[in-house]
Every structure is written in C-alpha cells, then in structure tokens.
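Participant: Chains as they are written, first to last, in my numbering: chain B, 2 to 344; chain H, 2 to 344.
Worth double-checking, as some hints may not be accurate.
Identical copies go unnamed one by one, so any copy, or any two together, can satisfy a pair.
[Said to hold, decoys possible] No farther apart than 25 Å at their CA atoms in a straight line, the calculated lysine-lysine pairs in the PhoX-like style are these:
1) 13 / 60
2) 260 / 13
3) 235 / 43
4) 43 / 110
5) 43 / 141
Please keep in mind that the hints were generated in silico from the structure rather than gathered at the bench. Note that the structure is predicted; figures quoted are calculated from it, not measured.
2 protein chains.
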Amino acid sequence: MENKTTIHDIAKTLKIDASTVSRALNNSPRVSQKTKDRIMAKANELGYQRNLLASNLRKSVTNTIGVIVPRISRHFFSSVISGIEETAYDSGYNVMICQSLEQLKRERKLVETLLANRVDGVLLSVSMETDEFDHLLNMKNNGTPFLFFDRHCEIEGVSSVLIDDFQGGFDATEHLILNGCKNIGHFSGPQELAIYRNRTAGYRKALEKHKIPYRPELLIRSGLMENDGVEGAKTLLSLPYKLDGLFSANDIAAIGAMKYFKNEDVKVPDDIAIVGFSNEPVSGIIDPSLTTIDQPGFQIGQIATKLLLDEISRAPNSNAAMAKTTILKSSLIERDSSRNISH
Amino acid sequence: MENKTTIHDIAKTLKIDASTVSRALNNSPRVSQKTKDRIMAKANELGYQRNLLASNLRKSVTNTIGVIVPRISRHFFSSVISGIEETAYDSGYNVMICQSLEQLKRERKLVETLLANRVDGVLLSVSMETDEFDHLLNMKNNGTPFLFFDRHCEIEGVSSVLIDDFQGGFDATEHLILNGCKNIGHFSGPQELAIYRNRTAGYRKALEKHKIPYRPELLIRSGLMENDGVEGAKTLLSLPYKLDGLFSANDIAAIGAMKYFKNEDVKVPDDIAIVGFSNEPVSGIIDPSLTTIDQPGFQIGQIATKLLLDEISRAPNSNAAMAKTTILKSSLIERDSSRNISH
DNA sequence: TTCATAAATACAATCGATTGTATTTCGGTA
DNA sequence: TACCGAAATACAATCGATTGTATTTATGAA
Numbered sequence: 002m003e004n005k006t007t008i009h010d011i012a013k014t015l016k017i018d019a020s021t022v023s024r025a026l027n028n029s030p031r032v033s034q035k036t037k038d039r040i041m042a043k044a045n046e047l048g049y050q051r052n053l054l055a056s057n058l059r060k061s062v063t064n065t066i067g068v069i070v071p072r073i074s075r076h077f078f079s080s081v082i083s084g085i086e087e088t089a090y091d092s093g094y095n096v097m098i099c100q101s102l103e104q105l106k107r108e109r110k111l112v113e114t115l116l117a118n119r120v121d122g123v124l125l126s127v128s129m130e131t132d133e134f135d136h137l138l139n140m141k142n143n144g145t146p147f148l149f150f151d152r153h154c155e156i157e158g159v160s161s162v163l164i165d166d167f168q169g170g171f172d173a174t175e176h177l178i179l180n181g182c183k184n185i186g187h188f189s190g191p192q193e194l195a196i197y198r199n200r201t202a203g204y205r206k207a208l209e210k211h212k213i214p215y216r217p218e219l220l221i222r223s224g225l226m227e228n229d230g231v232e233g234a235k236t237l238l239s240l241p242y243k244l245d246g247l248f249s250a251n252d253i254a255a256i257g258a259m260k261y262f263k264n265e266d267v268k269v270p271d272d273i274a275i276v277g278f279s280n281e282p283v284s285g286i287i288d289p290s291l292t293t294i295d296q297p298g299f300q301i302g303q304i305a306t307k308l309l310l311d312e313i314s315r316a317p318n319s320n321a322a323m324a325k326t327t328i329l330k331s332s333l334i335e336r337d338s339s340r341n342i343s344h
Numbered sequence: 002m003e004n005k006t007t008i009h010d011i012a013k014t015l016k017i018d019a020s021t022v023s024r025a026l027n028n029s030p031r032v033s034q035k036t037k038d039r040i041m042a043k044a045n046e047l048g049y050q051r052n053l054l055a056s057n058l059r060k061s062v063t064n065t066i067g068v069i070v071p072r073i074s075r076h077f078f079s080s081v082i083s084g085i086e087e088t089a090y091d092s093g094y095n096v097m098i099c100q101s102l103e104q105l106k107r108e109r110k111l112v113e114t115l116l117a118n119r120v121d122g123v124l125l126s127v128s129m130e131t132d133e134f135d136h137l138l139n140m141k142n143n144g145t146p147f148l149f150f151d152r153h154c155e156i157e158g159v160s161s162v163l164i165d166d167f168q169g170g171f172d173a174t175e176h177l178i179l180n181g182c183k184n185i186g187h188f189s190g191p192q193e194l195a196i197y198r199n200r201t202a203g204y205r206k207a208l209e210k211h212k213i214p215y216r217p218e219l220l221i222r223s224g225l226m227e228n229d230g231v232e233g234a235k236t237l238l239s240l241p242y243k244l245d246g247l248f249s250a251n252d253i254a255a256i257g258a259m260k261y262f263k264n265e266d267v268k269v270p271d272d273i274a275i276v277g278f279s280n281e282p283v284s285g286i287i288d289p290s291l292t293t294i295d296q297p298g299f300q301i302g303q304i305a306t307k308l309l310l311d312e313i314s315r316a317p318n319s320n321a322a323m324a325k326t327t328i329l330k331s332s333l334i335e336r337d338s339s340r341n342i343s344h
C-alpha cells in the first residue's frame, strides 16, 4: 500500500523478467497472450500504475504539451484551452495549463519549469509585460517546438496563430462611423503587444477611409482593466467637444466605461455608442448589451495544437518547414450598445 | 543545440565526475567553491537545464501538486486556483491545473494521469457527475495525499475545506423572507453533491423558521447552466399562484431566470426578488445587479494547500493526523435584485 | 526423431540525476 | 619529513521503465 508497485514487483511474483512485463503492459506482439493475461491480472491485483517519470525519461518523450496564457479565467483564453485540450487528447497528448498573470517574471519561470519537465512542445500567448524574449529564444535554441497564439512576438522561425486584429479594429470603428459617430474615442491597450497595435491601426485606417481626422487626445492607452475603462471614460468626457463613439480594445474596459457613463447620465448608445473586443460572456448579458468583436477561441486552440503536434512529429529532422502565420477572421457582433442610435 | 546537455556533458568537458557536478548544481558543501564556479560557468555556457524527469524519479518526489476543478473559467474556481498557486509557489511547489468539465469520465482520467506523473498530492473539487468514488479510493489506497475543497465526497480519512453552504442557503432564503417574499422558488442543482444538498437544506430551514410551508413544486432540480435557469423560470411562472422570490444555487442559473423574467415583463425585484450563489463578477455588472452569496475562494485555496502540504510532509509516518473538515463562512452581498421592493 | 525456424522469454544497457561509500588530495602539526 | 584528519573528489548503485540482443522453448516439416 505504501510503496507503489513496479514492473519488477510483478515480474518477481510471476517469476518472469521485467522486460516481459513491460512489453506485456505495452501490448507488444513479442509476448504470448497467455503471459499477457497473467501479467495483466497480477498488475490489477497489485494496483500497478506505470511510473511516467521513468517511462518518459527512458523514451525521452512526455506526450505532454505546455500551455501558458495570461489568465485562465478570461473567457477567450479558456475557450482556446478547450480547443487545445480537445485536439491534444485526441492525439494522446496531455496538457499542462499555466497562467502568467500578465507578469513577465512568472512567464519566465513557467517556461523554465515546462522545459525542465521536458514537455514535447509549448503553446504560448505572451503577457502584457513581455518586452524581452530571452526566455523564448532560450526555448528555441533548446530545440523545444513552440508556437504563439493570439499574442505573439517577432521571433524568427516561430509560427503563430492569430486573429486579424487589424480587420477587427477596422470593423469595430467603421461600424461606429456607419452608425453616425464622428468623435470616436479608443482604449488602445499596451502598444508593446502587436495585437493592440493592430487594433489601433485598424481604428486609424477606418477613420482615414471615412475622412475623419485622427485626434491623439481620443486615444487612451491603459492596461484595459475595468477601472482603466472608468478612468478613460472620465478623461474622454472632459474633452472640450462631445464624444459620440468609443472603441475599446477589450470588453472589460468597455464595461468600466459603460458604468461610468451610466453614473454620469450619459446614454448608451444614444449619446455615446460603444464597441468592445473579445466577446466576453458578460457582454451579452449587461444592459445595454455590448457590441463586440468575437474571436474564434476554440478554433484557435485546435489549429495551434494541430500545428504544434505537426512540428513535434517533425522535430528531429528539424529545419524542414518554415514558420508560418495563420490568421483567423474575427466577426462583429452587433448589440444594443451601438444599435438604433437616435441623434 | 539539438540534444539537451546533461551533467555528464559538463563533467566530461571539465574532466570531473558527474556526481560532483550534481552536487555543485545543488550547492552542496561537499564541493569546493572553485569547482562550483567552474561548473556553473560551464553549465551556463552549455545552456544546461536540469532534467526533472530524472531528478524526480531518483528522489521519488516531484514537488508538484495536482489540482482538479470542474471548470477553470468559473470565477470561484479561478480564485481558488490563485490561492493554491500562491501558497504552493511560496513553498517551492509547482501546480498542475486540470479541468474535469463536470465529467466523471474525465475526472477519472485526470486522477490517473496525475498519479502516473507521481504528483506529491492532489486538491480536488469533484464534478457534478461524480457519484462513484473508485478513482478516489484508488488514490487513497495508493498513498497519495489528497484533499477536497468546496465539492467533496464522504470518504473516510480525507480532509475537506468547505464553505458553510447550509448557512449560505439559509441566509439567502431568510434575506428574501425578511424582504417580504412568501412564495420562494429554489433552483437546487444536482442533489448528489453535498454542497447543493446543504444549500437546499438551508433554504428549507429558513422557511421552517419563518413558518412558511415548504412546497415541493417550488424546488427545481437542474444542472444550473444558464439555460436551466430559463427553463426553471418558465416552470415557476406557470404555477397557479404568484412567485415573489427565487433563490438559485448559483449565479449563472439566476441570470438565466432574470433574462426570462425580463422577456416576460416580470419586474425584478418588484415582482420577483432574486438571490444567487457564488458572486460571479458578472453578477455585479448586470442590471439589476444580483444579490448573491460570496465565497472566499482565494482563502479556500490557501488553506487547502497549506493542509495538503502538511499532509505531504507527514505522509511517510502516515496515519498520524485524522481527517479534518474546515468550514469557512460565506457572506451575503445585497444588491438591487432583492432591494427596495415595492409590493 | 531431428533439425531449422519462429515464437517466447531472458539478459543487460540505458535514460539523467542523486547519494552513500570509498578514495585521493591537501594543509597543518609533531 | 612523515603522518593525521578534514576537505574534495571519484566510484558505483539506484530510481522504474524501455529496448536491442541473446538465449531458450515450441512448432512443424523432412
């Protein structure tokens, strides 16, 4: 009961060799059915359970992939994780889930731990703080296949599965413009991250297309937490001219702004129309419901995992395939925060 | 670059023994400072990284605890996980996070995988489907310390860290009664789980205390998903007498009901007052905001981890401490869905 | 019955790190 | 200079499973 039973225990009680036990447990054709049966029976009787530490060490394969996301509680990331798990399990892989909590220091440590545990590959969406890549380059040099999803870095030879954030930002902004908005504020998020740069670029492109001048004071950079939305809304309302639209680079900050507007008796969407980004479940529930950009999280997880597993199975002969960037479409979900505007 | 460097590689290039390298890397006093420096330098140069598979196998300790929750995306569980991670990291432990997705089959497989990976202990909140315990008994017999949090099973000798669900259910119901509700519906959740049984018992106790007869038709059992809330609301509205209060065993189903009531032009709280359970972030954001029972998730995680680590460090001499049940208080958060009722 | 061949099993090395024991080296003292 | 004890290092077994090679056993044909 105390000490786990090993193949040697089974071998000894049956008076056969451990190698035969190992082969039987792996259903090798080199062991006769009769012995297999005896071994299986004894294994069950003793409550044998394979020691994966030993097995993986010997095989130098763990059948495990590591996943690092900023926060597991974000709906987008948890749907990506579901997609990853489904695909991975189907291929016989396990998944180690980790969260960086948006901290570079933690991200570094997690990468190190995953590598030390010899995961076969890593899927990664970087933290908001990640502006140095030494830990990622280290992973690359180390020969561990990995892949970015959603939030990526420019590292040569590393593939990514991304959302078309530029298009998303463009769609969100143009939607506001087509609904009559002229002075459109934008919560942009940390511009160190490509996803936020791209959303902002889409915002500017839409303005440009519709010949609306870009005004720097309408662009609010922040961490996109709920309270950042409150503060941003406050700043925008204090401008000398009237805001009539807001595109926030995520839903959470948009909701913060909505709360502030409600307090100030600013009507959404009649006074100010709002579009968020990410389609958090809460966005469909609040009142007014929030127009947003939906990202196919589950699908991203599936695709990223498939690509990673490909890379893993190809790894030894290495330099074969080039890095490729897969870009998925996002879609605008129109809701009450930008609909039927009466002004 | 391709093959990871080992202590033997370091040993060979420095013409010393691998055991010395190992001791140096573990900062053993048996190695001179001079040699340590040489070894460290070479280790960095070669990009050495300890192979935890080998190390853990040899030491038969992984410094890792496994965590199984029904869903990582639930706010309550992700705050428990934060508490677990904080406490575990502080003690030098890693955490493997897994989600059962409320499926017994998956829970079984996850337990097996964690055991096969020889985690030092497991923290577990069972799935809604878990009505057989063979996998848990197996873990117990196997000698792996584990502990329930929030959702537990009656297994002798296994400790739990729980919320006082009875009190929570009582508080929620009494709150409705004190606000004038007489016909109070209840979404009870699967009664196989103790937490839901206890919430329901609290509901009945509050009715009894205030001499309100219990009516079975007011009790709706379901899976507590959002759509279950919609269906439950529909059923309750079709009763021959007028419902004026609703206590849902979680927030999600309560929100489903609110949506349905809004559609049917039933006013919350004036026609029907509502109290949920769990304090999901969305509950403070929706309109009207949802009165709910707040559970100290982070604290549960901290306490459960501390207890588990105690048990792990005590494990060899085993049968020492008895199983204990720690019960934490929940607290009612009063919001608009049950406040200032005018009827 | 005998031998060739296939089937079944045993032997032994290995994965990478750890650790108890044995050996060597060194500094200091008589 | 010889020797003792401590410091530093080397040797070798081990954790549990896997796997290539060698050996034994069984089967069937001549």
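Participant: If a hint holds in the structure, say so; if it doesn't, say that too.
Facilitator: To see whether the hints hold, each was checked on the structure:
no. : hint     : in the structure
1   : 13 / 60  : both (24 Å within a copy, 23 Å between copies)
2   : 260 / 13 : neither (70 Å within a copy, 65 Å between copies)
3   : 235 / 43 : neither (71 Å within a copy, 55 Å between copies)
4   : 43 / 110 : between (42 Å within a copy, 21 Å between copies)
5   : 43 / 141 : between (44 Å within a copy, 20 Å between copies)
Checked against the numbered hints above, the structure breaks hints 2 and 3 and satisfies the rest.
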